[in-house]
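Engineer: Sequence:
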Amino acid sequence: METLKLTIYSDYVCPWCYQGQGAVEKLSQNYPVEVNWMPYYLRPDTPTEGIELMAQLAEQFARGNELQERIRENLKGIGYEF
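Per our numbering, the sequence shown starts with residue 918, numbered consecutively.
Think of the hints as simulated: they come from the structure by calculation, not from any bench. The C-beta atom is built at its ideal place from N, Cα and C for all residues, glycine as well.
Okay, the calculated beta carbon distance ranges per label pair:
| hint | residue 1 | residue 2 | range |
| --- | --- | --- | --- |
| 1 | 921 | 957 | 15 to 23 Å |
| 2 | 961 | 925 | 13 to 21 Å |
| 3 | 942 | 969 | 23 to 31 Å |
Taking the hints into account, I'd like the entire structure generated from these sequences.
Structural biologist: Right, dumping it as C-alpha cells:
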C-alpha cells in the first residue's frame with residue numbers, strides 16, 4: 918500500500934488539534950502514514966508563561982463548561998485524557 922502523505926497545520930495547545938493528533942495516530946496504526954506537522958498559532962499573542970485553559974475557553978465561548986465536557990468525551994473516545 919502506498920504511503921499516505923499528510924501535511925497538518927495544528928496549534929499544539931488547541932484541544933481540537935490535540936484530538937486530531939490522536940486520530941492521526943490511530944490512522945497510522947492501520948495505514949502507512951508520513952506526517953509533516955506544521956505550526957498554526959490560534960493565539961500568537963499568548964504570553965510565554967501561558968494562560969489558564971478553562972478561563973480562556975470560558976471567555977472565548979460563553980458555554981465553557983459544556984465545551985470542556987465535549988472535549989473530554991471526544992478525547993476519551995480515542996483513548997486520550999483531558
